[in-house]
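Colleague: So you can see what is in the structure, the chains are spelled out below.
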Amino acid sequence: MKRVFFCTLLFVFCVSMNSLAWAQDGWGNLTGQIVISGDVPVNQPEDVKDNPDKAVCLVDGKIPLDDGVVVNDKNQLRDVYVMMYTGRGADTPDTYHPSYDAQKEVKLTLDNVKCRFVPKASFARPGQTLILKNSDNVGHNCRIATMEHEHNVNIVKNAASEIVLGEESDKIPGEVKCDIHQWMDAIILIRDNPYVSISDKDGKFKIENIPAGDWKFQFWHKKGGYLKTIEVKGYEPDRRGTIEATIKAGETLDLGTLALPGEALTK
Amino acid sequence: MFRLFFNLIIITTALLGMAGCEKSEPPVFRFNSVEWVKQEKTHLGEGEHFPEEYKAEIGTIMTALFGTPDDPKFPFFLGDEDPAHDIISLENLKMAAGPTRVDKREAASGLYREHCAHCHGITGNGAGDTAASLEPYPRDFRLGKFKFKSTPLRSPPTDHDLTEILVNGIPGSAMPSFRTLPDDQIQSLVEYVKYLTMRGQFERFLLGELAVLDGEPLIDLSLVDKPDGEEPSEDDIEEFEDQMYTVIGEGLQERIIDRWLRPERKVTKIEAAPVEFDITHEGHSEFVQQGRELFFAKGNCMQCHGDTGIGDGQLNNFDDWTNDWIKSAEVDPDDPASYSDFSAVGALPPRPVKPRNLTRHYYRGGDHPDDLYLRLRNGIEGTPMPASTAMTSDEIWAVVAYVRAMPYQDSKKNRSVKPVNEKQVMR
Chain A
5 MKRVFFCTLL FVFCVSMNSL AWAQDGWGNL TGQIVISGDV PVNQPEDVKD NPDKAVCLVD
65 GKIPLDDGVV VNDKNQLRDV YVMMYTGRGA DTPDTYHPSY DAQKEVKLTL DNVKCRFVPK
125 ASFARPGQTL ILKNSDNVGH NCRIATMEHE HNVNIVKNAA SEIVLGEESD KIPGEVKCDI
185 HQWMDAIILI RDNPYVSISD KDGKFKIENI PAGDWKFQFW HKKGGYLKTI EVKGYEPDRR
245 GTIEATIKAG ETLDLGTLAL PGEALTK
Chain B
300 MFRLFFNLII ITTALLGMAG CEKSEPPVFR FNSVEWVKQE KTHLGEGEHF PEEYKAEIGT
360 IMTALFGTPD DPKFPFFLGD EDPAHDIISL ENLKMAAGPT RVDKREAASG LYREHCAHCH
420 GITGNGAGDT AASLEPYPRD FRLGKFKFKS TPLRSPPTDH DLTEILVNGI PGSAMPSFRT
480 LPDDQIQSLV EYVKYLTMRG QFERFLLGEL AVLDGEPLID LSLVDKPDGE EPSEDDIEEF
540 EDQMYTVIGE GLQERIIDRW LRPERKVTKI EAAPVEFDIT HEGHSEFVQQ GRELFFAKGN
600 CMQCHGDTGI GDGQLNNFDD WTNDWIKSAE VDPDDPASYS DFSAVGALPP RPVKPRNLTR
660 HYYRGGDHPD DLYLRLRNGI EGTPMPASTA MTSDEIWAVV AYVRAMPYQD SKKNRSVKPV
720 NEKQVMR
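For the protein sequence lines, the chains are A and B, in the order given.
For the first sequence, the working numbering gives the first residue as 5, with consecutive numbering after it.
For the second sequence, the working numbering gives the first residue as 300, with consecutive numbering after it.
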């Protein structure tokens, strides 16, 4: 046991030294494009039941389809979180590129449009202000529940409420729900580490100004959780859907096209 | 940090000592099997299960850190100087724990089992012997959520909040008042509830980790406890410390215990009520009327509480304690067959959460105007009741005035009278 004790001390010492000795030698980017291979899961109609607000929530007079899996005509997948891994055993940088400083000052808007959260997937930094907006002519509430954060805010029709997020950081995204229209759902990741990109309508993602070095990046989607079956050329994702990639100063690491088997999203 | 890690060594020793122990004598803390089943359904395929060994490992870790129902422990990692001594004293835990003493000459002990366990369960899982027949179900402490408190969502209640509940009971539920107990006994129960809560939160955290472990232990003691006295390698030690830090340092100390420290710093300030709030003030009835309009417009209260406030608005929501497991795939709260896996391990049949009937003047979280102000300002944790973030404090007070006036209005008249701002009513 004595030896363990000694090594514990050494460990603590090393950790504190690490943060002192860490020096920045340039920044790089990470990009790629995610496409579903095989069958794309079919989105079912939302479970609107006999909600009294049905009229407001219909889209073109029809019950909207769930927006759990959103692809374009080339099956390129939206709403995948590509993020520097900060979980168990992760190595993370101590400082971030100054370009991210301003991010915290921006007010992030989460709107309700025809009983749907817009955007579906978002990323916020701790301490950031969220504008919870309601463009509908019915009342909503906005219930944010992540591992570390919880808010349940009443947002009346055609109005907005502001909240300031707490200082805690999440490891994976959490949920946004409305209790009045229970089919409504969105996703939000709240954490300090800004190296996050959410794939756009063409499945593209880009994380900018990453410190040069070896970092783990994780792929996560609401319907699939950790995307451990995602195919990344030259890498082998582990069970948490992470790959370890080398970011070089002044360079962009392009992962190319990442194929995700459709079955990964059927949870 | 130094002291924290020093004490981790003690915990490690305790864990090593626990390995291979026989199961302790009853009563024991019950394993959170509902969470286990939920995690399996969330992360594994049909018919797949986590290795059973995890149950033993979690039991070992829990017992090493929190002891047993007869012999509670608390992980004071920093020894005598640990700030957690401000929120938990072992002496108080021992007064609440253990078997109920019948000998009146002895110091009190076993208070929890005497007063609480038959509803809340030995484990604080809300599944005592009487639980299934109560409406609402007794609280399961393990989610760490409390409805009636002076702090916002996700912030733990203060001791004062919990004391109020114990002293006043919860009108409209089976929770009685324990006003007759002396202060020191109330305090010991308050601390024991916090202890069961933190214990339950940590167990849930451990269960949440299983999905990413892929069969490896949460804390792999074999990394440092080699057969025939072999010295562990540097890599082994680093890996072990990493696991200890993730599970104990981060999972328990930072995510749970640290957040229970000094809850007073998070208490919501209650702004003074305007003079019209006083029922003898000449402007009071106008103020009540203003509250009535807010009830229907900016407050959107009638959405759940109904136009007449009898609680007949939206009736198909569930609370967080139920939503916690009924949101698992394939579960339909209306179809018992769909959740038989959960029933089999003790989950009670889901019941929708009822919006409060505001025409009866009992309020679960207390009937002082300040209590009602807090319910509106912060919302009610674990329920669909949202925070009225957009309302000014005067507007909140107006709604409080209206709500307090509701029971005294002619219910028939109330039913037929539309608010003056009918056109603004949402729907």
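There's no promise every hint is true.
[What the hints assert, rightly or not] Have a look at the derived ranges for each label pair, beta carbon to beta carbon:
id, chain 1, residue 1, chain 2, residue 2, range
1, B, Val511, A, Asp258, 26 to 36 Å
2, A, Asp258, B, Asp513, 37 to 47 Å
3, B, Ser637, A, Ala253, 21 to 31 Å
4, A, Gly238, B, Glu570, 28 to 38 Å
5, B, Asp669, A, Thr261, 57 to 67 Å
[Said to hold, decoys possible] To spell it out: a stretch of chain A is covered by chain B in this simulated footprint if at least three of its residues, at any positions, have a beta carbon under 8 Å from a beta carbon of chain B; those stretches are:
id, region
6, 86–98
7, 121–128
8, 217–225
Hints listed in this document are in silico derivations from the structure and should not be mistaken for laboratory results.
Quantities reported herein were computed from a predicted structural model and do not represent experimental measurements.
Ideal Cβ positions, reconstructed from N, Cα and C, are used throughout, including at glycine.
Colleague: Which numbered hints are broken by the structure, listed smallest first?
Modeller: Result: hints 2, 3, 4, 7, 8 break, sorted rising.
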